[in-house]
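Here is how the chains run, residue by residue.
There are 2 protein chains.
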Amino acid sequence: MDRILEVRPDDLLAVVEPGILNADLNDALAAEGVWWAPDPASRSISTVGGNIATGAGGLLCAKYGVVRDAVLALDVVLADGRMLHLGHRSVKGVTGLDLTSLFIGSEGVLGVVVGATLKLRRLVPGTVHTIAATFPDVRAAAAASSAVTAAGLQPSIMELMDATCLAAARRLLGLDPGTDDALLTIQTDGAASAAEADAIAEVLRTAGGAVEVSGDPDEGERLLALRRAMHPAMESLGTTLIEDVSVPRSRLAEMFDEIARVEREHGVTIPTVAHAGDGNLHPNFIFDGPEVPAPIWDAADDLFRAALRLGGTLTGEHGIGVLKRRWLADELGQDQWDLQRQIKAVFDPHGILNPGKVFAP
Amino acid sequence: MDRILEVRPDDLLAVVEPGILNADLNDALAAEGVWWAPDPASRSISTVGGNIATGAGGLLCAKYGVVRDAVLALDVVLADGRMLHLGHRSVKGVTGLDLTSLFIGSEGVLGVVVGATLKLRRLVPGTVHTIAATFPDVRAAAAASSAVTAAGLQPSIMELMDATCLAAARRLLGLDPGTDDALLTIQTDGAASAAEADAIAEVLRTAGGAVEVSGDPDEGERLLALRRAMHPAMESLGTTLIEDVSVPRSRLAEMFDEIARVEREHGVTIPTVAHAGDGNLHPNFIFDGPEVPAPIWDAADDLFRAALRLGGTLTGEHGIGVLKRRWLADELGQDQWDLQRQIKAVFDPHGILNPGKVFAP
Chain R
1 MDRILEVRPD
11 DLLAVVEPGI
21 LNADLNDALA
31 AEGVWWAPDP
41 ASRSISTVGG
51 NIATGAGGLL
61 CAKYGVVRDA
71 VLALDVVLAD
81 GRMLHLGHRS
91 VKGVTGLDLT
101 SLFIGSEGVL
111 GVVVGATLKL
121 RRLVPGTVHT
131 IAATFPDVRA
141 AAAASSAVTA
151 AGLQPSIMEL
161 MDATCLAAAR
171 RLLGLDPGTD
181 DALLTIQTDG
191 AASAAEADAI
201 AEVLRTAGGA
211 VEVSGDPDEG
221 ERLLALRRAM
231 HPAMESLGTT
241 LIEDVSVPRS
251 RLAEMFDEIA
261 RVEREHGVTI
271 PTVAHAGDGN
281 LHPNFIFDGP
291 EVPAPIWDAA
301 DDLFRAALRL
311 GGTLTGEHGI
321 GVLKRRWLAD
331 ELGQDQWDLQ
341 RQIKAVFDPH
351 GILNPGKVFA
361 P
Chain F
1001 MDRILEVRPD
1011 DLLAVVEPGI
1021 LNADLNDALA
1031 AEGVWWAPDP
1041 ASRSISTVGG
1051 NIATGAGGLL
1061 CAKYGVVRDA
1071 VLALDVVLAD
1081 GRMLHLGHRS
1091 VKGVTGLDLT
1101 SLFIGSEGVL
1111 GVVVGATLKL
1121 RRLVPGTVHT
1131 IAATFPDVRA
1141 AAAASSAVTA
1151 AGLQPSIMEL
1161 MDATCLAAAR
1171 RLLGLDPGTD
1181 DALLTIQTDG
1191 AASAAEADAI
1201 AEVLRTAGGA
1211 VEVSGDPDEG
1221 ERLLALRRAM
1231 HPAMESLGTT
1241 LIEDVSVPRS
1251 RLAEMFDEIA
1261 RVEREHGVTI
1271 PTVAHAGDGN
1281 LHPNFIFDGP
1291 EVPAPIWDAA
1301 DDLFRAALRL
1311 GGTLTGEHGI
1321 GVLKRRWLAD
1331 ELGQDQWDLQ
1341 RQIKAVFDPH
1351 GILNPGKVFA
1361 P
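Line by line, the protein sequences give chains R and F. To convert, note that position 62 of the first sequence is 62 in the numbering used here; the numbers rise steadily by one, no gaps. To convert, note that position 282 of the second sequence is 1282 in the numbering used here; the numbers rise steadily by one, no gaps.
No wet-lab data here; the hints were simulated from the structure. A couple of the hints might just be wrong.
[Stated by the list, open to error] Listed below are several chain F residues computed to face chain R (Cβ distance under 10 Å; list not exhaustive):
no. : residue
1   : Phe1103
2   : Leu1328
3   : Gly1351
4   : Asn1354
Virtual Cβ for every residue (Gly too), placed ideally from N, Cα, C.
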C-alpha cells in the first residue's frame, strides 16, 4: 500500500498520502490491530484527502467522532506553492493557532492537502449486536432514539428510516411495503456489546417498538438489509437530491414534524433517513429529470430554515460546495461570512483555489 | 450557579459564561449525571473561558480528550466590538471554516470568548482502581508506560515521576527519599475498571515494576499521595519554571534521556513529571531567586529543540504566552508564523487584543 507512509500502532497514528481510499486504508490498518474511525457511506470510493477536505462524518460518529477528531497533522500546499506542516505527532500540542482544524472541512479553498497524520483507534474485540425495531410512525421512532441517548446508552450505529424510505426499501427487496411504520436499525460493539444491546432493546420496547436483537452475523445482516437497500430504493423513486441537515438530538422528532409540514405545504415527497445517534438527517427530495426543479429548491429552503430554527445546521457532513452557497450567510451571519472570506484571502489572495466554491462570488 | 445558562443531559451539552470555574461547573453538572472532561491541574482556580483560550489539557486527556474535543460552539466579541456566534449545537456541522476550533487555544489574540456551548460526557458508574509501580530508573518507567499503551490498555490517568521528583515528594511526606527509582501512578475507571487494572499491573510487572493495586478509595488516596505532593515538593527545592513539552508516546523514554543530557551539560536540576498516557512532560527547572536566570533559558532552549527533534512540540497544554514567543517560529516555520500573524490581523487589524502575546512584536 504505497500511499501509507507510516503506521505506528504504539503511537496510534498513521501518516498517509491523501489519495488513499478510506476503505483501503482501513483494510491495511486492520492487520496492525488499529483503524481510522471516520466512515462516510462513500468510504469505498472516497479518499482520506476528500474526507479531510469535507470534514466527513458517517454512521459511527456519535460513538467514534468525526474527521475533526481524527487528524493530528497535515501537510498542505498554499496557493503560491509554499508547503506548510500543520499540527503535531503528539496527542497534545498548543503552539499558536490551530490551523490543522481550520483546514479540516475547508473544501479546498485554503490550500491543497498533500499529506496527513491520522489519529487511530485500537480495534477492540467483541461481537457486534444488531437491533431492528419498528414503530407505528416516524415521530415515535425518533422519540425512541432520543430515549436511547438520554438513557446513557451509546450504540455504534443508530439509523432511522421513515415510512416512505421503509416502504421503498421493502418493495426493492420484494417484501410487503407495510403501513406508515418507521424503522430503527442499531448496532452495539465492544466488550459489553451484548449487555448494551439488551438495555437498548428494553428502552425501545418501553417506547412502543417491535424489537428484534441478534448477535449472529448472518442474522445481523438480515436485520441490516432494509437500511442497506436505502440508496437504491431512493433511486427507484426518481431523481434524488440528498440533503444533510443536523439538529440537536433531542429535536429529532420535531425535525421530522417539520419535514412532514414541508412535504404537505410544497407538495413534494421527502423520504428521510437519519443518523439518529447524532441528530444528522438526510432528507431525500424526489423529482423527475436530471435538473433540480425550482420548487424543490423552495422546499429545501424551507427545510434548511426549519433546521436552523431548531438550533441545527444546514449541513452536518456534506459541506457547502456550490449548491448551498446561497444559504451559508443565513447560518453564519453576514459578519462571520465576511470574516471567513477574509481568512480565505490570507491563504489565497488571488482566489485561484476552488473558485466559486463555499463562498458565492 | 448563575454562570450556567443551560444544561441538556439529553443532548450532552451545556451553555455557560466563560467566567465559571472548571471545578464549580463539574460540581453542578454531577447532579445531572454528566461532566465536562477537560481537567487541567488548575481546575479549582481556572475558568472554562481560560481553559478554552489556552486549549487546556490535564491528566485525563489520553482517554477523554482535550478542550478542542469538548467545545461545540462559542460566542465571541471581536476587537471592533462585533459579536459572532461560531459553531453548532448539533454533534455534526460543516458550514464554512471551523472558526470554533481556530479560537480554541488562541490565547485571546483573535477575540474575547463571552459564551461557550460545551460537549459533555455522561458520568459512568464504576469503582476507580489505583495502581502505583516503582521502577529502578525513569527510562524503565517510561518504557513500561509505553508498553501499557501499546498493549491496547487505556488508563484514565497515567502519571510518571522521575527520581528527583520522587525523592522530594517522599521527603515532604516524611518518608525515606529512596534510591534512583521512578514511579508510575495509574488509575482506571468505568465498568471494566478492575479487569483493566489487573491487566495493566501484569504489563507493569513484566516490565520490571514493583506494583501495588487497589480498588479501595482510602488505599487509592495513599497510592496517589506522592503524585499529589509533587508541586509542593518542587517548591521545597527552590523557584520552579514548569515547562511543558510533548512527544509521541513511543518517544517518552528518549525524551527522558534528553532531559538527563541537558541536566548534565548545563549543570541544572530538572525534576520531571509526565502525563505518560499522552506523552506530555512537565520538566521543572529549579533555580534560586525570583527571576529565571539566563543559563536556565539556555537549558530550556536545548530541551525544547530535543522535543522538536523527537517529533514533539514545545508546548503540550500551557501555550505560548510571553515566555515561549521566541521559539514559536522554530516549531511553526517562518511561513506558518507569518500566516498566523496575518490571520490574527484579519480579526484584530489594530493589534489591540492581548498585544505582545503569542507573536513577538
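Checked hints:
A cut of 10 Å between beta carbons decides the hint on Phe1103(F): the least distance to chain R is about 9 Å, and the hint holds. The closest approach between the C-beta of Leu1328(F) and any C-beta of chain R is roughly 6 Å, which is under the 10 Å cut-off, so the hint is satisfied. For Gly1351(F), the interface hint is violated, since its Cβ never comes within 10 Å of a Cβ in chain R; the closest pair sits about 15 Å apart. Proximity of Asn1354(F) to chain R is violated relative to the hint, the smallest CB-CB distance being about 13 Å (cut-off 10 Å).
This entry does not satisfy hints 3, 4, going by the numbered hints stated previously.
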